[in-house]
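Asks: Chain order of the listed sequences is A and B. Note that UniProt numbering has the first sequence beginning at 1, numbered continuously upward. Note that UniProt numbering has the second sequence beginning at 1, numbered continuously upward.
Hints are computed from structural coordinates only; laboratory data are not their basis. Please note: incorrect hints may appear among the correct ones.
Chain A stretches covered by chain B per the calculated footprint, using a threshold of three residues with CB under 8 Å from any CB of chain B [as the list claims (entries may be wrong)]:
| # | segment |
| --- | --- |
| 1 | 84-96 |
| 2 | 160-168 |
| 3 | 233-242 |
Which chain B residues face chain A? A few, computed with CB under 8 Å, are given here [claimed, not checked]:
| # | residue |
| --- | --- |
| 4 | Arg-3 |
| 5 | Ala-7 |
| 6 | Leu-32 |
| 7 | Gly-46 |
| 8 | Gln-74 |
| 9 | Gly-77 |
| 10 | Asn-78 |
| 11 | Arg-95 |
| 12 | Arg-98 |
| 13 | Val-189 |
In silico lysine to any residue, SDA-like type, Cα no more than 20 Å apart, as pairs [said to hold, decoys possible]:
| # | chain 1 | residue 1 | chain 2 | residue 2 |
| --- | --- | --- | --- | --- |
| 14 | A | Lys-242 | B | Arg-30 |
| 15 | B | Lys-242 | A | Ala-210 |
| 16 | B | Lys-242 | B | Ala-210 |
| 17 | A | Lys-242 | A | Asn-78 |
| 18 | A | Lys-242 | B | His-29 |
| 19 | B | Lys-242 | B | Val-252 |
| 20 | A | Lys-242 | A | Gln-220 |
| 21 | B | Lys-242 | B | Glu-224 |
| 22 | A | Lys-242 | A | Val-252 |
| 23 | B | Lys-242 | B | Val-256 |
| 24 | B | Lys-242 | A | His-29 |
All C-beta atoms, glycine included, are put in the ideal place defined by N, C-alpha and C.
Protein chains: 2
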Amino acid sequence: MRRSAAANAELALHLEVASTPKPGNVDRHRDLDGLRFEHFLAGGVGARPGLEAAESGAPVGEAFERAVAGMSEQTGGNTQFGCLLLLVPLVAAARGGRPPTREAAARVTDATTVDDAAGFYRAFEHVDVAVADPPDGWDALDVRHGSDAIPALRERDLTLADVMGNSDGDLNAAEWREGFPRAFRIADVIQRGEGPLPDRAARAFLDQLAREPDTLVATQHDRETAERVRERADELRGASEKAVEEWADDLVARDVNPGTTADLTCAGIFLALERGVTV
Amino acid sequence: MRRSAAANAELALHLEVASTPKPGNVDRHRDLDGLRFEHFLAGGVGARPGLEAAESGAPVGEAFERAVAGMSEQTGGNTQFGCLLLLVPLVAAARGGRPPTREAAARVTDATTVDDAAGFYRAFEHVDVAVADPPDGWDALDVRHGSDAIPALRERDLTLADVMGNSDGDLNAAEWREGFPRAFRIADVIQRGEGPLPDRAARAFLDQLAREPDTLVATQHDRETAERVRERADELRGASEKAVEEWADDLVARDVNPGTTADLTCAGIFLALERGVTV
Numbered sequence: 001m002r003r004s005a006a007a008n009a010e011l012a013l014h015l016e017v018a019s020t021p022k023p024g025n026v027d028r029h030r031d032l033d034g035l036r037f038e039h040f041l042a043g044g045v046g047a048r049p050g051l052e053a054a055e056s057g058a059p060v061g062e063a064f065e066r067a068v069a070g071m072s073e074q075t076g077g078n079t080q081f082g083c084l085l086l087l088v089p090l091v092a093a094a095r096g097g098r099p100p101t102r103e104a105a106a107r108v109t110d111a112t113t114v115d116d117a118a119g120f121y122r123a124f125e126h127v128d129v130a131v132a133d134p135p136d137g138w139d140a141l142d143v144r145h146g147s148d149a150i151p152a153l154r155e156r157d158l159t160l161a162d163v164m165g166n167s168d169g170d171l172n173a174a175e176w177r178e179g180f181p182r183a184f185r186i187a188d189v190i191q192r193g194e195g196p197l198p199d200r201a202a203r204a205f206l207d208q209l210a211r212e213p214d215t216l217v218a219t220q221h222d223r224e225t226a227e228r229v230r231e232r233a234d235e236l237r238g239a240s241e242k243a244v245e246e247w248a249d250d251l252v253a254r255d256v257n258p259g260t261t262a263d264l265t266c267a268g269i270f271l272a273l274e275r276g277v278t279v
Numbered sequence: 001m002r003r004s005a006a007a008n009a010e011l012a013l014h015l016e017v018a019s020t021p022k023p024g025n026v027d028r029h030r031d032l033d034g035l036r037f038e039h040f041l042a043g044g045v046g047a048r049p050g051l052e053a054a055e056s057g058a059p060v061g062e063a064f065e066r067a068v069a070g071m072s073e074q075t076g077g078n079t080q081f082g083c084l085l086l087l088v089p090l091v092a093a094a095r096g097g098r099p100p101t102r103e104a105a106a107r108v109t110d111a112t113t114v115d116d117a118a119g120f121y122r123a124f125e126h127v128d129v130a131v132a133d134p135p136d137g138w139d140a141l142d143v144r145h146g147s148d149a150i151p152a153l154r155e156r157d158l159t160l161a162d163v164m165g166n167s168d169g170d171l172n173a174a175e176w177r178e179g180f181p182r183a184f185r186i187a188d189v190i191q192r193g194e195g196p197l198p199d200r201a202a203r204a205f206l207d208q209l210a211r212e213p214d215t216l217v218a219t220q221h222d223r224e225t226a227e228r229v230r231e232r233a234d235e236l237r238g239a240s241e242k243a244v245e246e247w248a249d250d251l252v253a254r255d256v257n258p259g260t261t262a263d264l265t266c267a268g269i270f271l272a273l274e275r276g277v278t279v
């Protein structure tokens, strides 16, 4: 009995949060104030019906909203909104029992509609998500308006791919625009790695964090903080486990949470599972 | 969007393994040799379709076999066979959106058939389970025969409830025979508890361990060891966290794994979630 793509996506959510050390984030050994490990477990379990909808061919926006609604049935707040934004199109791209390819994923995002964009906006009504201010001329389309922004979406005839095309500086949106290069690279890193999958995923997380400033850190703090985190991650590649553990504690203490890098890692874990990497 | 009974059962599997300290078992902070935290995450995700079958009214034996088959899609071996043996009838008893009662659970077990017993035996073909030798006159019905025992089951016209009625000394079988008194008591303990659900579950685990010798410890070691573990758990009720943590490390080092107590705790977590205890 092979796990379905939706099951692998849910498992990726759990394996992501279980991977440790993932500096600054909730992991097997660390909680944040009010956001604990078990909130992620409940979020992943709750997201499953939405992920199954994506696998069954439901529209991407509808499947995403359903996944986020289910994820939100816990008291920790936003646990995996960004992960789901990547997982839903990748699960949709896995249909037919084959591991998703970048081409198949791009076909999914290219085919999104204005209705999918509306589903994405509705998803913001289920949970508070930390987002940056919208670009100039996009005030009416601020995602924080939730479904109130839908008339403006329809007026401008914007698909979900269009919306992602206008989210400058967001690595998850960049994945949508560019055909998920980071998720597929992380899957390669995990696939080539050795040892238990969560250990490989933690190393892949640090590697991604060393490459690009994390979006959530830039949003919650500023660009310089995000760049300093990137530099420190780069210094720590290949450092002792102790040094990485210490930095992980330090980031948690300073409320510096590279959550977007965790989203990308989760998507990479999913792709690795789909390629047959075992747990 | 309320979580379904099947989703709550899967979440109970994850919360059980995340609860810590659970002396002697895999928990958020401890792995065993070759049996790691992530194997339980994959086991829980894989069990979901079988749990959903139980919720939809599939025969208990069929749902159980399906849950075990899905659980087994990971490389750690048996992770949650005993949990599922309790969860499947309890999920079946939750049908209709109400939390299961002891009466509803007893109706489910009372209604089991010879086909359900056959499904139970088939489940042993998916994974190696540590079990005691069968009672006198039951050699042909040793569960380790798997489906080869089914003709003997049919010849003697034994339902799954009959099979459980002949498993002396197994606390999970006793739950089946007695209408799940331990699972419901543990749910009460969790419901009355304070703090995060995994902390309450860890305390409920220790409390149950102090009450009755663990079946798996008796099977893998002997009755005296199981009784000594019970006595030590009783001494440690209300002891410092440090003392319990040290004992947890000690039991893991000595390969003393009270897995049946973990099964009962998992069933209690499920019932607590069904009653509306939040994560």
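Asks: Are the hints correct? Go through all of them and say.
Replies: Here's how the hints hold up against the structure:
no.	hint	verdict
1	84-96	violated (count 0)
2	160-168	violated (count 0)
3	233-242	violated (count 0)
4	Arg-3	6 Å, holds
5	Ala-7	5 Å, holds
6	Leu-32	13 Å, violated
7	Gly-46	6 Å, holds
8	Gln-74	5 Å, holds
9	Gly-77	12 Å, violated
10	Asn-78	15 Å, violated
11	Arg-95	18 Å, violated
12	Arg-98	18 Å, violated
13	Val-189	17 Å, violated
14	A:Lys-242 with B:Arg-30	18 Å, holds
15	B:Lys-242 with A:Ala-210	37 Å, violated
16	B:Lys-242 with B:Ala-210	18 Å, holds
17	A:Lys-242 with A:Asn-78	30 Å, violated
18	A:Lys-242 with B:His-29	17 Å, holds
19	B:Lys-242 with B:Val-252	15 Å, holds
20	A:Lys-242 with A:Gln-220	27 Å, violated
21	B:Lys-242 with B:Glu-224	26 Å, violated
22	A:Lys-242 with A:Val-252	15 Å, holds
23	B:Lys-242 with B:Val-256	19 Å, holds
24	B:Lys-242 with A:His-29	17 Å, holds
The structure fails to meet hints 1, 2, 3, 6, 9, 10, 11, 12, 13, 15, 17, 20 and 21 from the earlier list, while all remaining hints are met.
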